[in-house]
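Engineer: Required output: the full structure, derived from the provided sequences and hints.
Okay, here's what each chain looks like letter by letter:
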Amino acid sequence: MKGGKSTKTNPKLALGPVLFHWDAERWRDFYFRIADEADIDTVYLGEVVCAKRRPFILPHLPAVHERLTAAGKEVALSTLALIMTGEEMEEIRQSIADPDLLFEANDISTASLLAGRRHVIGPFVNAYNEGTIAYLAQRGAFRVSLPAELSLSALQDLGQTDAGRSVSLEVQVFGRLPLAISARCYHARAHDLHKDGCQFVCANDPDGLTIETLDEEPFLAINGTQTLSDTYCSLLAELPLLQAAGIDCFRLWPHSCDMVQVAAVFRGVLDESMAVEEAQARLDELIGDVPLANGYLHGREGRLWVDGAAAE
Amino acid sequence: MAQGNANTTPGDLELICPAGTPAALRAAVDAGAEAVYLGFRDETNARNFPGLNFSPEELEVGLTYAHARDCKVFVAINTFPRAGAPEAWHRAIDRAADLGVDAVILADIGILDYASKQHPGLRLHLSVQASASNAEAIRFYHEAFGVRRVVLPRVLTVEDIADLNSRIPVETEVFAFGGMCPMAEGRCLLSSYVTGKSPNITGVCSPASHVRYLERGSEMVSRLGDFTINVFQQNDAAGYPTLCKGRFVADDRASYLFEAPTSLNVLPILPDLMAAGVSALKIEGRQRGRAYTAQVVAAFRAAVDACRRGEPIPEMPQLGEVTEGQRETSGAYQRAWR
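Going down the list, the protein sequences come from chains S and P. Taken in order, the first sequence gives residues 1 to 312; the numbers are from this note's numbering. Taken in order, the second sequence gives residues 1 to 338; the numbers are from this note's numbering.
Take the hints with a grain of salt, since some may be wrong.
Claimed, not checked - Short derived list, chain S residues pointing at chain P, Cβ under 8 Å:
{"id": "1", "residue": "Thr85"}
{"id": "2", "residue": "Met89"}
{"id": "3", "residue": "Asp107"}
{"id": "4", "residue": "Ser109"}
{"id": "5", "residue": "Asn129"}
{"id": "6", "residue": "Glu130"}
{"id": "7", "residue": "Thr132"}
{"id": "8", "residue": "Ala148"}
{"id": "9", "residue": "Asp157"}
{"id": "10", "residue": "Ala180"}
{"id": "11", "residue": "Ala183"}
{"id": "12", "residue": "Arg184"}
{"id": "13", "residue": "Tyr186"}
{"id": "14", "residue": "Arg189"}
{"id": "15", "residue": "Lys195"}
{"id": "16", "residue": "Asp215"}
It should be emphasised that the hints constitute simulated quantities derived from the structure, not laboratory data. All residues carry an ideal CB built from backbone N, CA and C; glycine is no exception.
Structural biologist: Shown next, in the form of structure tokens:
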């Protein structure tokens with residue numbers, strides 16, 4: 001670490017890995033279009049939720065990686081969040097063997113295997129404070145994707161620490177937020193199936209399956225073993241505040257809406273070429289009738305929508 | 001690595017018991033606990049509930065009581081410090097070390113780093129909140145900070161645990177009885193999404209401050225924050241609305257989608273856990289009363305002793321009365337749970 005000297009560059013727009021079980025050709029074509037058309041700096045790529053899904057995208061990974069790299073994107077390969085078997089660990093060990101590839105570690109085991117080598121700490125590793133970030137940075141992490149539940153004041157405090165200044169800090173700014181991961185598959189359970197014979201029913205829901213309360217209110221969303229927010233996080237209006245706090249990388253979670261256009265809207269606010277009001281109106285059009293939330297950033301319940309301008 | 005002061009033999013099934021209050025500590029010690037675990041009365045531990053936990057003075061008294069009866073004391077300092085303000089966590093570690101506790105149970109990497117540097121003789125256990133679910137992760141915590149024991153997340157089967165124990169240089173502790181998290185612990189933001197309060201930051205899950213019970217005609221509705229977690233007929237006991245243990249609707253069907261309101265109970269598989277090389281059993285429930293603690297600890301004391309002698313596990317009908325929803329599960333330890 002270099003004595004608290006900031007290494008921050010221009011704000012980066014990043015696309016998180018597709019969390020859902022999309023058809024493999026759809027997955028490939030999605031990334032081809034991102035490579036060809038999207039104004040995005042960094043693309044995270046790979047299966048994070050369920051090891052059983054990985055074989056489907058694997059045949060397309062080299063072509064997608066090559067196309068994104070050729071388009072000038074920084075590509076980081078994302079790894080599994082919850083690793084429970086020796087086979088899962090062995091697959092990761094083999095995939096990181098190529099020293100020329102960049103990885104996002106979503107479990108501390110993977111971060112440990114990547115020690116001494118430049119890597120990203122993904123949002124599934126708990127990095128809440130400067131003590132943890134300093135330790136991870138010293139072992140080769142150059143960017144840390146922060147927990148979704150951190151408030152703006154926590155981010156501001158972190159941004160002022162030596163450790164916070166020494167690495168790139170990333171925040172999730174768009175999409176359903178990953179909230180939990182389990183050994184149990186809720187998609188299979190919802191269909192009266194067992195995880196071992198799941199029939200990949202999670203593929204039916206390209207943005208996850210909304211779960212309602214007994215009073216028929218939308219509550220959460222499930223995606224295999226993962227539980228997400230039903231609301232879509234949107235920190236569009238808060239981008240300037242985040243930048244001022246020292247956040248320099250902004251993650252969009254892929255959904256079935258037009259992500260090239262979603263990226264354009266966020267880019268517009270980041271580089272101040274688009275007013276927040278106009279960007280918000282365009283985002284509403286792009287995502288349709290989806291409830292938004294930004295409560296975490298405002299120190300409130302994650303599910304809430306707080307008017308960004310009014311809150312400051 | 002420093003010489004250990006609390007080593008157990010693999011398969012020993014040391015009995016680790018909850019002490020939410022000084023009274024519960026005495027009850028657990030008297031009922032045969034080999035170790036108790038507790039927290040300071042602040043946000044540094046993951047059971048930061050009103051009326052629970054220990055002041056430094058109470059810890060000192062509790063330590064004397066436990067040590068005089070050959071019982072160890074572990075202090076949980078297992079939340080994740082706020083950015084820019086790690087002092088409360090550092091102070092908790094310093095106090096625990098100065099008072100001579102037998103181990104601290106930690107989750108945050110920055111705090112593990114602090115403890116291993118400032119108190120090299122202090123025995124470190126890895127909290128379940130660190131979510132170390134595989135051999136590589138556990139080896140990392142051992143090699144980086146000298147962690148001696150890991151509390152395993154409630155996501156592994158007995159076979160997974162046996163395999164792990166053959167590949168790691170540290171002891172394993174598993175949850176044996178009580179609350180049953182269906183999610184990987186330390187990686188769950190459900191509570192803060194609904195209530196603004198989380199296990200990782202605030203040390204609470206589904207806090208009572210956000211719970212309401214509403215009568216609606218002949219029904220009783222349990223709510224957490226702005227959401228209905230369950231609906232009961234008036235004659236049925238309305239359970240506590242822990243948010244992952246409610247009934248929810250997926251594709252027009254209502255069910256206990258994440259987990260039913262059950263208690264974990266490993267008594268039936270105690271010999272399997274022993275054979276898998278598990279060093280310690282953890283009884284959950286620092287938020288429960290002294291009577292609960294005494295009853296559960298006594299039952300497990302008898303069962304572990306029988307297991308160590310190679311005898312069949314005795315029937316423990318009294319445990320049924322204290323289990324959540326009067327239902328039990330062996331959870332993820334058996335593959336069918338998945």
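Engineer: Next step is simple, just say for each hint if it's right about the structure.
Structural biologist: Consistency of the hints with the structure:
1. Thr85: holds, 7 Å
2. Met89: Check passed: Cβ of methionine 89 of chain S comes within 6 Å of chain P, closer than 8 Å.
3. Asp107: Interface hint status for aspartate 107 of chain S: holds (6 Å vs cutoff 8 Å).
4. Ser109: holds, 3 Å
5. Asn129: With Cβ-Cβ at 5 Å, under 8 Å, it holds.
6. Glu130: holds, 6 Å
7. Thr132: holds, 4 Å
8. Ala148: At about 6 Å, which falls below the 8 Å cut-off, the nearest Cβ of chain P leaves the hint on alanine 148 of chain S intact, so it holds.
9. Asp157: holds, 3 Å
10. Ala180: holds, 4 Å
11. Ala183: For alanine 183 of chain S, the interface hint holds, since the closest Cβ of chain P sits about 4 Å away, which is under 8 Å.
12. Arg184: holds, 5 Å
13. Tyr186: Check passed: Cβ of tyrosine 186 of chain S comes within 6 Å of chain P, closer than 8 Å.
14. Arg189: Given a least distance of 6 Å, the restraint on arginine 189 of chain S holds.
15. Lys195: holds, 4 Å
16. Asp215: holds, 5 Å
Comparing the model with each earlier hint shows no violations; every hint is respected.
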